[in-house]
Amino acid sequence: MNKHLRILVGLALCLMMALSLPAQGTKEQAQKQELIPITMWYGALMTEAGPPPADWVVYDIVREKLGIELSLTALPSSEGDQDVKVQAAGAANNLPDVFMIRRTPWLRLVKQGVIADVDDMYPLMPKRTEEMYTPGSRAYTTYNGKSYGLASPGAIIKNEGVVIRKDWLDRLGLAAPKTTEEFLNVMRAFTFNDPDGNGKNDTYGYGAFLEINPREEGLGRRLDPFFGAFGVAGTWNMSKDNFGLNIRKPAYYDALAFVKQMVDERLIDPNWLSYRKDDFRAAWKQGRFGIMREQNGALAMEANYKPFDMNFPDGQWMVIDPPMGPEGKSSVGVYSVTYRITAISAKAAKEGKKEAIARLFEWMSSDEGYYLLGWGVEGVNYTFDKDGIPTAAGIPNAELAYTQPKGRPVIQLANLIYRYTDAELKATFPTYKTANGRSQSALDILRDYQTRSWTEDTGADTLPLPNDDLKRFYEQGVAEFITGRRVLNQANWKAFVADFDRLGGKAWEDEARAYAQENGLLL
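When you line the sequence shown up against mature numbering (1 follows the signal peptide of the UniProt record, and there is no 0), it's residues -23 to -1, 1 to 500, in that order.
By construction, these hints were calculated from the structure, which means they are not laboratory data. Hints are supplied without guarantee of correctness; some may be wrong.
Once the Cα atoms are required to be at most 30 Å apart in a straight line, the calculated BS3-like pairs of lysine-lysine come out as [stated by the list, open to error]:
#, residue 1, residue 2
1, K217, K283
2, K262, K483
3, K177, K217
4, K135, K410
5, K237, K483
6, K62, K306
7, K283, K177
8, K217, K471
9, K306, K143
Based on the provided sequences and hints, a complete structural model is requested.
Next comes the structure, spelled out in structure tokens:
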């Protein structure tokens, strides 16, 4: 009897143990299932660098501390491609939970009802709200009395400029150009006089690509310095006395004719119409052209500059004034105080993810999140200098510094935490030595850019937008005149502007004028 009892007890114990195993497994699975999945499309800090690595410490932290399973996808480098991707996802009601978006497609998607309002999120992230979401930024994303996006400080103003290959000027015995005619002469020399001395016909005077948004004229910001020389930088003239679309002003024709001359004489890299942003930047690093408009970090950050430095150790880009036109006008282009919009999809709100997203963003503004996203892991990607500013000095493996190509992927989300304080700028743009021992700092170049002549157009990006057909007619028409598909003469141009007005150009301008006057945007 005792023997049978022992057997029964043993069987019971085994059964209890067997039953306990699935229970434990179920508990672990439940814990894993409790993680809230958050998908995010982000704008990379540096498009040439790859995404954060799969073993990025941030993934573990947000999983363990915040209960979030974060999934990241970089948006395309081109603003146009970004808009296409986001708008296509919006049309299919397939937006990610969180995504960066420019204001133009943002407004369209708000009207479509696929972006959630975020007024209830601000109290959930008090530190971040105090530091980043000012009354001005909230107004930037307000539509019909509700805030539909988290607007943080955007790009640093006036952070692009006209630069020239100083070593090419020196080799050819030329001075830096000042007027439009002098720019033509230098571009001719850079194109036809072998400025790099390699005996090949492989250089051009100017480099560009099409980078267009509603604030910039039909050929985009890379060619805006030449339109600035004729007083028609940007899409809009925001002045009280001369408000309107620049394309309808006589000087626009003169600017277009000047750029067409550059194209006709083959002074501009002929690939400019097919280049994307990354292609353009690869081209100047390969020595394709000698003058361009470029952003300070993309030009002179150590990681970005290194390929050019390796190819041309004695090469040097120098900041110069934008060209001066026949009436003494000059402008790098247009600028305004802007904000970077991070939106929450209506689908994410419906699924109850707002609180988790607010928790994630509040963590980003904590000391831990701020330094991890902005500079990486202390002692691995950066150290602190005596003033408490992150620096690349003193790191055991210099290749992993946040300033180096291998270190850049871990700070690709830095746009989500930057506030552009002096300390941030010093840490972001440190001074370093080029291959030939010259000191260089992207911050010094930024400060130089900001001293040059610019055209303010604050508020231009809030003006009513043209319909898609009118926008397409405008941009395609300008490109066709430049490339010779349409003959550029006064009669043809007058006919083009008349067609533009008939399709809605004049009505667009009238609507924008009324909006600008009502909202106090005229300068």
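Comparing the hints with the structure gives:
no.: 1; hint: K217 / K283; in the structure: violated (45 Å)
no.: 2; hint: K262 / K483; in the structure: violated (42 Å)
no.: 3; hint: K177 / K217; in the structure: violated (51 Å)
no.: 4; hint: K135 / K410; in the structure: holds (25 Å)
no.: 5; hint: K237 / K483; in the structure: holds (25 Å)
no.: 6; hint: K62 / K306; in the structure: violated (38 Å)
no.: 7; hint: K283 / K177; in the structure: holds (24 Å)
no.: 8; hint: K217 / K471; in the structure: holds (25 Å)
no.: 9; hint: K306 / K143; in the structure: holds (24 Å)
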